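Given chain A, work out where chain B should sit, using these hints.
Quick mapping for you: the protein sequence lines, in order, are chains A and B. Heads up: the first sequence at position 142 corresponds to 142 in the numbering used here, and the numbers run straight through without jumps. Heads up: the second sequence at position 313 corresponds to 313 in the numbering used here, and the numbers run straight through without jumps.
Think of the hints as simulated: they come from the structure by calculation, not from any bench. Source: prediction; values computed, not measured. Positions of the beta carbon are idealized from the N, C-alpha and C atoms, including for glycine. Any given hint could be a false lead.
[As the list claims (entries may be wrong)] FRET-style restraints, in silico, Cβ to Cβ:
id, chain 1, residue 1, chain 2, residue 2, range
1, A, G102, B, W81, 31 to 41 angstroms
2, A, E68, B, A105, 43 to 53 angstroms
3, B, W81, A, A152, 25 to 35 angstroms
4, B, P302, A, L19, 23 to 33 angstroms
5, B, G95, A, R3, 47 to 57 angstroms
6, A, L24, B, P302, 29 to 39 angstroms
7, B, W81, A, P33, 34 to 44 angstroms
8, B, L123, A, E123, 50 to 60 angstroms
9, A, F4, B, L217, 30 to 40 angstroms
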Amino acid sequence: MARFRGIATLLVVFGVLFLLLRALHLGVPLLYPKVLQGPFSLESVAEVEEYAGFSPLVPFFRPATLGERPVHVTVTRRPRARVAVFWQGERFLYLEEREGGGPPPVPENAREWSLATPGAPEEARWWRQGRTVHAVARRGDHWVEVRTDLPADDARRVVETLRPYRDLL
Amino acid sequence: MIGDPLLEDGVLPGTLAGATWLWRVALHSFVAGTALYAWSRRLELPAGRTRRLLLAAVLLVPMATAAAGPALVGEGGDAAWLDSRRLLALPLAFGLQVADLVVAAGVVTAAIALVQEILPAFLERPRRSGDPIPLWLGREVRSLPGWERCTVHLVVGRPLLVATGGPPRGRPHLHLSPDVLTRLSRDELAAVLRHENAHHTPRRWWALHLLFAARLLQLANPVALWVFRRYTLELELACDRDAVAGRRAAAEPPPTAKALARALLTVYEGTDRRDVAGREALRRRVDALLGRVRFEDRSLPPESLAAAVVVLLLALPWIV
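Next up, chain A with everything else stripped away, as it sits in the complex (with noise of 0.2 angstroms):
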């Protein structure tokens, strides 16, 4: 054993500071709930809020087909808080959202959307793929992609009726 001597107090150490670093990742999150990074499976819209910081955008036309609430609302707080909605009934609509950094990526062959009602996003581009309709909207500083198999018309609705949560309550 004397070849190794002193191990077993390196093992007394290394135990001792990674206990000391374990209830670190454990206490943290209890007193400040807000550093887990998520994600966040939420029960609905309502509770967006809190986890991401800000009132999410939803589209108050919201076609039947789609269900009647959505399916799957997820938060992730981190690098950038970031929202993801999904509607599934026999159409689909997958919204997700963040609030500032760039614009998200845009194919070359995407035709703008002039929306010209008031409180729509300022911008809005879509094309598609497939029977996917995309789109890319931007209402101040939020970023919100789009994804539904809704005709083109009903896809343009959703987005130019994309507002605030809390506004809409």
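Frame of chain A; chain B shown alone:
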């Protein structure tokens, strides 16, 4: 993608991966440094080769464990023992987070390293004066082992400078400022020359250069700054010891420890008072020469050192 709160999204993926790796290296070196420091205190390890190897491990092992971490615990860090992103996201005052503090500490550390070490190395390079060297000095230098072909240069621009250069297998160079010849006695100068000669071994040269490269990669890591300075101090202690022990010396009797200590005190008096780290290192070297610091090259068996490195390699990747 789940990324790092230190960085905004939209940056190049390589930059994100590089910054994340650097942060993990700093974190791992902090944990390894704390554990090994506590261990060496507990065992009361004396100065010597064992301590140098432990310092080298703190500088090198985290570079491997930081790279291995994501592969083991996944990018999300679900299996991590400690997910440091939780700590980095802790809020501070004025909307700042711990992550901002970490970035600021990294910038300050890099600035200190640049101002104190890297810029002076280029801007304050001693210039060769071209003056002839005294014959007795040339003879004394070339009588030392491995320095039979050593070239001696007198330099201007740096007071009380004695430094070696050149790779260990090549032709060695010795730089001296002229005031060394007037302010040090022959005994003191002989001790200083033996000290410089002790630096000039392949193992020490390669180890120091490898660690310096690792330290340059970790320019913003305060632990690396401290560890490298500590390593160089330990190396100076070892070379002092070799110089007065005459382990590598030729037939002449080795100089006394007191002569080298007097030379160091002369350098100490000529060192700027603001250079606190430099003066502290000189004080410690004098203490060691006067027998006030314990020194032992093999204070731990190699098996213990290898086991310590294995423990670091196995444990650190779980901290992300």
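How the hints compare with the structure:
no. : hint                                : result
1   : A:G102 - B:W81: 31 to 41 angstroms  : holds, 34 angstroms
2   : A:E68 - B:A105: 43 to 53 angstroms  : holds, 51 angstroms
3   : B:W81 - A:A152: 25 to 35 angstroms  : violated, 50 angstroms
4   : B:P302 - A:L19: 23 to 33 angstroms  : holds, 29 angstroms
5   : B:G95 - A:R3: 47 to 57 angstroms    : holds, 55 angstroms
6   : A:L24 - B:P302: 29 to 39 angstroms  : holds, 34 angstroms
7   : B:W81 - A:P33: 34 to 44 angstroms   : violated, 20 angstroms
8   : B:L123 - A:E123: 50 to 60 angstroms : holds, 52 angstroms
9   : A:F4 - B:L217: 30 to 40 angstroms   : holds, 32 angstroms
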